[in-house]
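Got chain A; can you put chain B with the ligands on it based on the hints?
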Amino acid sequence: MPHFILDGKEIQFIQGQTIIEAAAKVGIDIPHFCWHPSLTVSGNCRVCLVEIEKMPKLAIACSTLASDGMVVNTNSVKALSARNAVMEFLLINHPLDCPICDEAGECKLQDYAFDHSVGESRFVENKVHKEKRVSLGTHVMFDGERCISCSRCIRFCDEIAGVNELTFINRGDKVTIDTFPGKELSNPYSLCVTDICPVGALTSKDFRFKSRVWDMSSTKTICSGCSRGCNVEMWVRNNEILRLTPRYNEEVNSYWMCDEGRLNTFKSVNADIRVNGPHIKRDGTLVKAGWDEVFALATSELKSYNKSEIAVLGSAFATCEENFVLAKFAKSVLGIKNIDFAKHEKPNSGDDILIRDDKSPNSFGAELAGIHPLKDGLNFQNIMRAIDEKKIKALYLVEDDLVSLDEDYKKILSKLELFIVHSSNFNSTTELADIVFPAATYAEKNGTWINFQGRIQKLLPAVMTVEMDRSLDGMAMSRLDKFGTEFDRWGKSKKMNARPIWKIITSLANALGTKYKYQTSEEIFDEMSKTIDLFKGLDYQRVGELGVKLNVTTLAKVKV
Amino acid sequence: MAKKKRLKDLSLLEQIYLPEIVKGLALTMKNMFKPSFTMEYPEVKFEPGASYRGRPVLVMEENGDERCVACGLCSRVCPAIAIEVQANDTDKEKERYPERFEINMLRCIFCGFCEEVCPEEAIIMSKDYELAYTNREDGILGLDKLLVPVSELQERIQFLRKYK
Ligand code: SF4
Ligand code: SF4
Ligand code: SF4
Ligand code: SF4
Chain A
8 MPHFILDGKE IQFIQGQTII EAAAKVGIDI PHFCWHPSLT VSGNCRVCLV EIEKMPKLAI
68 ACSTLASDGM VVNTNSVKAL SARNAVMEFL LINHPLDCPI CDEAGECKLQ DYAFDHSVGE
128 SRFVENKVHK EKRVSLGTHV MFDGERCISC SRCIRFCDEI AGVNELTFIN RGDKVTIDTF
188 PGKELSNPYS LCVTDICPVG ALTSKDFRFK SRVWDMSSTK TICSGCSRGC NVEMWVRNNE
248 ILRLTPRYNE EVNSYWMCDE GRLNTFKSVN ADIRVNGPHI KRDGTLVKAG WDEVFALATS
308 ELKSYNKSEI AVLGSAFATC EENFVLAKFA KSVLGIKNID FAKHEKPNSG DDILIRDDKS
368 PNSFGAELAG IHPLKDGLNF QNIMRAIDEK KIKALYLVED DLVSLDEDYK KILSKLELFI
428 VHSSNFNSTT ELADIVFPAA TYAEKNGTWI NFQGRIQKLL PAVMTVEMDR SLDGMAMSRL
488 DKFGTEFDRW GKSKKMNARP IWKIITSLAN ALGTKYKYQT SEEIFDEMSK TIDLFKGLDY
548 QRVGELGVKL NVTTLAKVKV
Chain B
3 MAKKKRLKDL SLLEQIYLPE IVKGLALTMK NMFKPSFTME YPEVKFEPGA SYRGRPVLVM
63 EENGDERCVA CGLCSRVCPA IAIEVQANDT DKEKERYPER FEINMLRCIF CGFCEEVCPE
123 EAIIMSKDYE LAYTNREDGI LGLDKLLVPV SELQERIQFL RKYK
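Here the protein sequences line up with chains A and B, keeping their order.
Quick note on numbering: this note's numbering labels position 238 of the first sequence as 245, and the sequence is numbered without any gaps.
Quick note on numbering: this note's numbering labels position 154 of the second sequence as 156, and the sequence is numbered without any gaps.
If you are wondering where the hints come from, they were derived from the structure by calculation, not from laboratory data.
Glycine included, C-beta positions come from ideal geometry on N, C-alpha and C.
Treat each hint with caution, since some may be false.
From the structure, some residues in chain B lie toward chain A, with a derived Cβ separation under 8 angstroms [said to hold, decoys possible]: (1) Cys73; (2) Gly74; (3) Arg78; (4) Ile83; (5) Arg98; (6) Pro121.
Here are a few chain B residues that sit away from chain A, every Cβ distance over 12 angstroms (derived from the structure) [stated by the list, open to error]: (7) Leu15; (8) Leu20; (9) Leu27; (10) Glu42; (11) Pro50; (12) Arg55; (13) Arg57; (14) Ala72; (15) Gln88; (16) Thr92; (17) Asn106; (18) Phe112; (19) Cys113; (20) Leu149; (21) Val152; (22) Glu157.
Beta-carbon label-pair distances, calculated as ranges [said to hold, decoys possible]: (23) B:Asn90 <-> A:Glu166: 49 to 59 angstroms; (24) B:Asn90 <-> A:Glu191: 50 to 60 angstroms; (25) A:Glu414 <-> B:Asp140: 46 to 56 angstroms; (26) A:Phe130 <-> B:Asn90: 27 to 37 angstroms; (27) B:Phe112 <-> A:Asp279: 36 to 46 angstroms; (28) A:Val131 <-> B:Val119: 24 to 34 angstroms; (29) A:Glu191 <-> B:Glu132: 51 to 61 angstroms.
Same shape as in the complex, but just chain A:
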């Protein structure tokens, strides 16, 4: 393999790679603003200038192809002074906005000013003033003074989102970013420009001034918005989710995620309509009850129906582990055959980039974990019909708002004699229920989801329920979490009295006389890897942060 020397280190490369690419592959970061591994090279920021032996002038590492035997220096006197000079130029017109800028703390310009700049400005003239607080679209705010004209945002729209929405206008020190006349920055991935903007010129309106980045903890988890299952970081302060940002996974979402997933998936976790503690219907309204009381009621009610009169609906929003325990419970404890789950397909809502038609994150996993009708059992449509005909009198439903799928289900579900629901939030389905178990959301539990590619990916809890403890459960902790006490206002965070489905089913099975011993989601996964062929040899550690693709050839045989 050909190689070149970078600061005395030998670096192998593939013919056609640039210096910066080859270095990035082996984990060496050559300073850069405009270069992005997923975008075309534009070479305008000049901060990646390096000295190459036998070349008369300094060259930019982002567009110079590596060649065999090349000797590159990033820290020679010439390279260093060039980098300082570029930084000085960039900072000439950059406002001293850090105190009011959301990017502070994760800003490339700040970091490089610290690492590669002399720290003193020789510029005494007035800075150029441009428009601040420009709304570029529904979600994105632009600050002209902070922009360093790297063109990443323009290239993102053109090359990744596939729409020409942004461009440079004017010239020289008047240059700024604007939308094309009559257009808005409104593509479904618009907020990705806030991730790649190296400075605070493009920021999210939703997250605007919500928190300093250093006050939040971040947890590596998965987006729940569709069956793509984009890898994300979940940012939490005071036990409240404040934002999601995409996490790099080349196989799934690269560096991106859609606006819908970024903005609208986590808000239900913080919502005021969370089910907090178990509820029972009394005189037509749901009232709070104790766990023991609800378990006793649910067991005695479930016992009073024939096996053929009961149906169990799993969920494409619940984890594989939860669906597995639920299926096992339905088959061996309740002894029923009518098991299925509802699909959440929105035809033609997907695209060729990330967004999928299937609006649930785990329909693959629910099926694989055993949520499908047994021989002679009814499928979802037939279960609904049988409820309508009053042949099925009791329904056990987990984490699904059926009425949101179809208003007509309201009439059908109200014919039930016993309706038990696990739900994280109150909705028009829980209104009809006799017993509501509070469900921990995807942000409050461990577990796995399988995306549309057959890739199994791991969820990590970022928010505590009353039964969890950030430090004892090994969850991500911010500075405030580490040092807060119950006497600090910020130490008293809101926690829900909710449990993951598997935990509730385990208690229910025990109350019905079958001993289930699950203590953690991981134990269930280990059992699955022993009993389900596709999961053979897998454990949480192997699944890891980026997930594992299940054996596709076997997958094809599984009916989905």
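For chain B with the ligands alone, coordinates are given in the frame of chain A:
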């Protein structure tokens, strides 16, 4: 049992104590008429100098606005994690203002780091040292208790400009 032996036997004068008592009283008398250093607090209040670090307060501009831009740097630098700032959007030129600003005086150690780090000269160590509370909640001061007119803080501000 052997008789205990003194290191030094007292002389007669020493044994009658009187001279020692007179000596002691003389010292007392002398000090009684010397000028005193103690203050009759709380009737008389101590007025500290500009270098004094009392409880940190927020600067209120002449128009009644807070000067703080809610950057959170004071909160970050505070070694005792006494400060909590929640920023929000404002139409004013500064774009950002503290929707909530709380200093927990039970945590504060009066180090003055917050004052030193503030980019806006918005948090100032005052001369207020009367900080006793009857419950923990009272020790957490919000914007209503923190904002102090800039005119009352001039002495310290001038001191900082000169020596910081
Ligand atoms: S707005 Fe940000 S990403 Fe776009 S050109 Fe300016 S600095 Fe680059
Ligand atoms: S494409 Fe799907 S998984 Fe990815 S961010 Fe959007 S909704 Fe979430
Ligand atoms: S004086 Fe020191 S301890 Fe007190 S609030 Fe300021 S930084 Fe915190
Ligand atoms: S450092 Fe100053 S401007 Fe920033 S939040 Fe504290 S008081 Fe406000």
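Against the structure, the hints come out as follows:
1. With a least beta-carbon distance of about 3 angstroms to chain A, the hint placing cysteine 73 (chain B) at the interface is held under the 8 angstroms criterion.
2. With its C-beta approaching chain A no nearer than about 4 angstroms, glycine 74 (chain B) sits inside the 8 angstroms limit, and its interface hint holds.
3. Annotation: arginine 78 (chain B) was flagged as interfacial toward chain A, and the flag holds, the nearest CB pair being 6 angstroms apart, inside 8 angstroms.
4. Given the 8 angstroms rule on beta carbons, the hint for isoleucine 83 (chain B) holds: about 5 angstroms separates it from the nearest Cβ of chain A.
5. With 8 angstroms as the threshold, the beta carbon of arginine 98 (chain B) comes within range of chain A, its nearest partner Cβ sitting at about 4 angstroms, so the hint holds.
6. Interface restraint check for proline 121 (chain B): the shortest CB-CB distance to chain A comes to about 5 angstroms, inside 8 angstroms, so the restraint holds.
7. For leucine 15 (chain B), the requirement that its beta carbon stay farther than 12 angstroms from each beta carbon of chain A is met, with the minimum near 63 angstroms.
8. Distance check on leucine 20 (chain B): its Cβ is at least 59 angstroms (rounded) from any Cβ of chain A, clearing the 12 angstroms threshold; non-interface status holds.
9. Look at leucine 27 (chain B): its CB is around 52 angstroms from the nearest CB on chain A, clear of 12 angstroms, so calling it non-interface holds up.
10. No beta-carbon of chain A is positioned within 12 angstroms of the beta-carbon of glutamate 42 (chain B); the least distance is around 35 angstroms.
11. Once the 12 angstroms rule is applied to beta carbons, proline 50 (chain B) is consistent with being away from chain A; the minimum gap is 29 angstroms.
12. Consistency note on arginine 55 (chain B): stated as away from chain A, and its beta-carbon is indeed over 12 angstroms from all of that chain's, at 22 angstroms minimum.
13. Chain A leaves arginine 57 (chain B) outside its interface by the beta-carbon criterion, the shortest separation being 18 angstroms against a cut-off of 12 angstroms.
14. Listed as outside the interface, alanine 72 (chain B) is inconsistent with that label: its C-beta sits roughly 7 angstroms from the nearest C-beta of chain A, within the 12 angstroms cut-off.
15. A cut-off of 12 angstroms between C-beta atoms contradicts the statement that glutamine 88 (chain B) is not in contact with chain A; the least separation is 8 angstroms.
16. Taking the minimum C-beta to C-beta distance to chain A, about 9 angstroms, the non-interface status of threonine 92 (chain B) is violated against the 12 angstroms cut.
17. Its closest Cβ contact with chain A, about 7 angstroms, brings asparagine 106 (chain B) to no more than 12 angstroms, contrary to its assignment away from the interface.
18. Every Cβ of chain A is farther than 12 angstroms from the Cβ of phenylalanine 112 (chain B); the closest lies at roughly 18 angstroms, confirming the non-interface assignment.
19. No Cβ of chain A comes within 12 angstroms of the Cβ of cysteine 113 (chain B); the nearest lies about 16 angstroms off, and the non-interface call holds.
20. At roughly 19 angstroms from the closest C-beta of chain A, the C-beta of leucine 149 (chain B) stays outside 12 angstroms, upholding its exclusion from the interface.
21. For valine 152 (chain B), the shortest C-beta to C-beta distance to chain A comes to about 19 angstroms, beyond the 12 angstroms cut-off, and the non-interface label holds.
22. Against chain A, the non-interface label of glutamate 157 (chain B) holds: every CB pair exceeds 12 angstroms, the least being about 25 angstroms.
23. At roughly 36 angstroms, the beta carbons of asparagine 90 (chain B) and glutamate 166 (chain A) sit outside the given window of 49 to 59 angstroms.
24. At about 25 angstroms, the CB distance of asparagine 90 (chain B) to glutamate 191 (chain A) disagrees with the hint of 50 to 60 angstroms.
25. In this structure, glutamate 414 (chain A) and aspartate 140 (chain B) meet the distance hint of 46 to 56 angstroms, their C-beta atoms being roughly 53 angstroms apart.
26. Checked against the hint of 27 to 37 angstroms, the pair phenylalanine 130 (chain A) and asparagine 90 (chain B) passes, with Cβ atoms roughly 33 angstroms apart.
27. Between phenylalanine 112 (chain B) and aspartate 279 (chain A) the Cβ separation comes to about 40 angstroms, which falls inside the hinted range of 36 to 46 angstroms.
28. Taking 24 to 34 angstroms as the suggested C-beta distance range, the pair valine 131 (chain A) and valine 119 (chain B) conforms, at roughly 25 angstroms.
29. For glutamate 191 (chain A) and glutamate 132 (chain B), the hinted distance range of 51 to 61 angstroms is satisfied, since their beta carbons lie about 56 angstroms from each other.
Comparing the model with each earlier hint shows violations of hints 14, 15, 16, 17, 23, 24; every other hint is respected.
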